[in-house]
Every structure is written in C-alpha cells, then in structure tokens.
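Q: Below are the chains, spelled out letter by letter.
2 protein chains.
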Amino acid sequence: MEQISSVKNTKVKEWNKLKTTRGRKKFGSYLIEGRHPVREALDAGIEYQYILVVDVEEDVDIVKRVDDERLIILSEEVAKHLSDTINTQGVFLVGTISDEDWSLPTSFKGKWLILDDVQDPGNIGTMVRTADAAGYTGVVFGNGTADFYNPKILRSMQGSQYHLILKRANLLRLIPTLIDNGMPVYGSLLSKDATAYDKVEGSSDLGLIVGNEGNGMSPELANLTTANLYIPIKGKAESLNVAIAAGVLMFSL
Amino acid sequence: MEQISSVKNTKVKEWNKLKTTRGRKKFGSYLIEGRHPVREALDAGIEYQYILVVDVEEDVDIVKRVDDERLIILSEEVAKHLSDTINTQGVFLVGTISDEDWSLPTSFKGKWLILDDVQDPGNIGTMVRTADAAGYTGVVFGNGTADFYNPKILRSMQGSQYHLILKRANLLRLIPTLIDNGMPVYGSLLSKDATAYDKVEGSSDLGLIVGNEGNGMSPELANLTTANLYIPIKGKAESLNVAIAAGVLMFSL
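Residue numbers (the working numbering), protein chains in the order written: chain A, 1 to 253; chain B, 254 to 506.
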C-alpha cells in the first residue's frame, strides 16, 4: 500500500492526464471518481489498476475489496488536484481501457442505439441510461462521438454502462454489415421526406442511429440505412432535444 | 435615450436583483439576455419596460424597434455586471411580469403539461420545448417548481415560451377543478401499481403531471388524478430522466 502526498509524483501526473482524450489514449487507462461510481465499478467487476482513497476509515468497505498492491492512499491535496468536482469525496479508480471496445460482436442481436457525432456528455449519458431502461442491448459510439471514458459521460451514465454493451465503431463500415446480416437500421432525420416514426413496426433486432445536436445524422450514413425516421413536430418548436427524440424513438420501436 | 455607465446606478442595482426569485417578486419584472432571445421576445410582442444595449450599431435592428424612452445604452462594464453568461452579447430586455400568470383559463382545453415541484432549470426548459413540439396547449408550473422567469429556464425554453400558454397554479386546487370539468388528468409514478402508459388511450383534452426529479409526484396529488401512469423499465436502469419520461408520455398520449 503506497502513500502519495505530492502532486508532482509521476503517477499523479499520469492520472491527471487521463482527463483528456489524448491522455487516455496514451496510457490506455481512465479515471472514475466518487464513492458510488467506484463501488458500482467494483460490483461490475471491471478491470482496474489502482484504487485511490484519502480516508481509509471512511471508505473501509472499498478498501477491503482491494489487494494491497493496488491500493494507494492520497493526501487531500493530491485528491483535490485529481478531482473533476468542486468537493471531492477523495475516492478514485484507475481503470483499464479494453481493446475489446473496438471489436464488434460477431453477430449483433437485440436493439442497439448508435451515436453519430453526438457531442454533449450530458445528452450521451442520458441516452445510455434511456437505452438501458428501454431494454436495449448496447450502444455504439460512432465516429466523432465523445469517447465513453470521458469523466462527464461516465458520471452521467450513472451505472448504465455496466448494464449494456458499449462499443466503438466506424459507422460507415458497421451499418452496411448490420443490414447485410438482416438487421434493420433506422436513421433519424429532421425532414418530412423521412418516414413518420409511428408508421414503423418495431422488431426485436434493430439499430437506431441518432445524430449530432446541431446538424443531425451525416448524409453519408442516411444513405445507408434501411429507412430514416422523423418525429412529426406539431407545435412551433424548431426541434426536439436529441436525447428526448432518442427516448421517444426507443420507447416506440 | 438614457446612458448608464456605473454599476452603482439605481436602475442597474434593481435589474441585478431580477436574477433572484425574490427580486423578481419585489419589482414585478425580469431580465432576458442575449440577441436572439430579445428578438424573439419582441417578435412575440411581450410587455417590457426597457431594452438595454451596449453597441447601438451592432444591434441596430433591435434599437429601431424601441421608442427612445425605453432604450438604454449600457457601458460594457455594466453589461458584464448584469450578465448571467461568460461572454455577454450586451443585449438585455427588462420584461414585465404579468398578473395573468396566476389567473387560469375559465375553461381548460387541449393538452396541458403540469409540473409538480420540478427543480432543474434545464429539465424544465427541455420539457417546455417538448410540450411545444408535441402540440401541447400549455404548461402549468405548480407549487415548488422554479418560476419561469428564472434566467436559466428562460434560456433553455429557447422561445417555446411564446408558443405555449405558461401558467402558475396551486395544483391541489387545480387538479380537482380540471377533473370536475371533464378533463382527464394523468399522474406519472415510478410504481408498478400504476397503469402502464401504453394501456391508456390519448384524448384531445388532458392533463399530464410530472413530478420532482428525486421524489416524483407528491402523494397528495397522486390521490387526486384520474389515473397514474408508469413507463415500464425493461433494463436495470433505476429510473428515467424526468424530461425523457415526460417526452415519452407526451408523444404517446
């Protein structure tokens, strides 16, 4: 069991870089912060390198679950330095990014939400939670979509990441493969040329693509889908929030 | 046309207080910030006392629409002081809070979203936009729900406040009145004792209550409704985000 009290410690410098996409890519690891999220991660049995705590007494239930070599005691100063929140609880986990994230299932089954260039971490987290609640099998993070080890996305998924399969993929390659294998893939478009969503029968296996908050789904992808759906807007609102649209579609299909 | 360059000016001090519920109550007015929101407010023909701008040239289209007595030129310092954002555009409107907010229509028609103790400004704004898109007539802000002149709520409604009727009411009194007048009012509950939402037929006139983010709808209200609905959760998610739940229900009913 190591103790670290300097923000200049090499490990601390490395962990601090895990807040950025670049740092996570370089070191192949990511940071989970907070008592409840760390407990959830341990419950889910994820791969990790270290658990970091400030107060062993207060977090004795977490400490008991870690072997000594992977437990590190931080000073409050170091915890504050690493924290992404205003009041840190002083509990972190350094997780291992899996190579499996990019390896797709040999056969896709069930319902999959597919994110094309979605930007807002809160929207992404909410959509993952909604997919979980709607009984979806997994979520594919496509090109341009923020990666799911982003601390804000991790926080807003509230544990749903452990109930679903999360994958990353090049969607221009994935969509044709899915369709070739007999899975219908629906796009969502803000266009009356698309099909009204309530005119489509749901099925037990399907893909549903939602696009960027401002620009929607990319036109290249829209050309590849089985059909593109839209939600008829009855009032004068210009558009629906992307997470709301995804929720309405997921519960309808 | 008045010019104000001191943050100690009496008017500036008053406007600054409009950021709080208490200040808005005291002065009967509220603040809209930003070029697009101010244009929308003018387009909607709302009642206002002043338009405040920093740069007359840049905002000549807005300035042209205001009579001289209601136009005030602010220094950049004052604009920064009043602003609720990091980079202010230097355009504000001081609106008049209407006494009508509390006076309910003599007969409620159409579909109404009813908010019981909803707290998060972003959730409230998203729900108002969704109600607009779903063709709802109005939104009732019940007891405990943040007031709709809150700057964050104003921002997140993105203009939908001008497409719908927004009202405030004591829900314990309102709900029985609606039901007595023949309008079904549905609550939403996170309970399997409630009715699955897709088992209920929509109707052209109805009320739909959504409750607090953490605690749901108040039990007193739940006892007053025509029926209480729930969205069956298929996965392991503990709950849906309140705005997603409201979206699924509004588009389904």
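Mixed in with the good hints there might be a few duds.
Claimed, not checked - No more than 25 Å apart at the CA atoms, straight line, and that leaves these computed lysine to any residue pairs for SDA-like:
1) A:LYS199 x B:SER457
2) B:LYS487 x A:LYS236
3) A:LYS236 x B:PRO374
4) B:LYS489 x A:GLY110
5) B:LYS489 x A:ARG39
Stated by the list, open to error - Between beta-carbon pairs, the in silico distance windows are:
6) B:GLY276 x A:ASN87: 27 to 33 Å
7) B:ASP446 x A:ASN16: 44 to 50 Å
8) A:LYS109 x B:GLU311: 53 to 59 Å
9) A:ILE86 x B:ARG275: 54 to 60 Å
10) A:GLY214 x B:GLY281: 33 to 39 Å
11) A:ILE86 x B:LYS279: 27 to 33 Å
Just so you know, these hints were derived from the structure itself, not from any lab.
Every value quoted in this text rests on a predicted model; they were computed, and no experiment measured them.
Glycine residues also receive a C-beta, built at the ideal position from the N, C-alpha and C atoms.
Q: Please work out if B:LYS489 and A:GLY110 have their alpha carbons no farther apart than 25 Å.
A: holds (16 Å)
Q: Is the hinted pair A:LYS199 and B:SER457 satisfied, with a Cα-Cα distance of at most 25 Å?
A: Holds, at roughly 20 Å.
Q: Straight-line Cα separation of A:LYS236 and B:PRO374 no greater than 25 Å?
A: The given pair, whose Cα atoms are some 21 Å apart, holds under the 25 Å limit.
Q: Should the hint that A:LYS109 and B:GLU311 are 53 to 59 Å apart at their CB atoms be regarded as holding?
A: The hint (53 to 59 Å, Cβ to Cβ) holds, given that A:LYS109 and B:GLU311 are roughly 56 Å apart.
Q: Do the Cβ positions of A:ILE86 and B:ARG275 conform to the proposed distance bound of 54 to 60 Å?
A: violated (25 Å)
Q: Looking only at beta-carbon atoms, does the pair A:GLY214, B:GLY281 fall within the given range of 33 to 39 Å?
A: holds (37 Å)
Q: Range hint 27 to 33 Å: satisfied by the CB atoms of B:GLY276 and A:ASN87?
A: 28 Å Cβ-Cβ, so the 27 to 33 Å window holds.
Q: Are A:ILE86 and B:LYS279 spaced within 27 to 33 Å by their CB atoms?
A: holds (30 Å)
Q: Looking only at beta-carbon atoms, does the pair B:ASP446, A:ASN16 fall within the given range of 44 to 50 Å?
A: holds (49 Å)
Q: Under the criterion that the straight-line Cα-Cα distance not exceed 25 Å, is the pair B:LYS487, A:LYS236 satisfied?
A: At roughly 33 Å apart (the allowed maximum being 25 Å), A:LYS236 and B:LYS487 break the hint.
Q: Check the hint pairing B:LYS489 with A:ARG39 against an upper bound of 25 Å on the C-alpha distance.
A: holds (16 Å)
When the structure is compared with the earlier hints, violations turn up for hints 2 and 9 and for no others.
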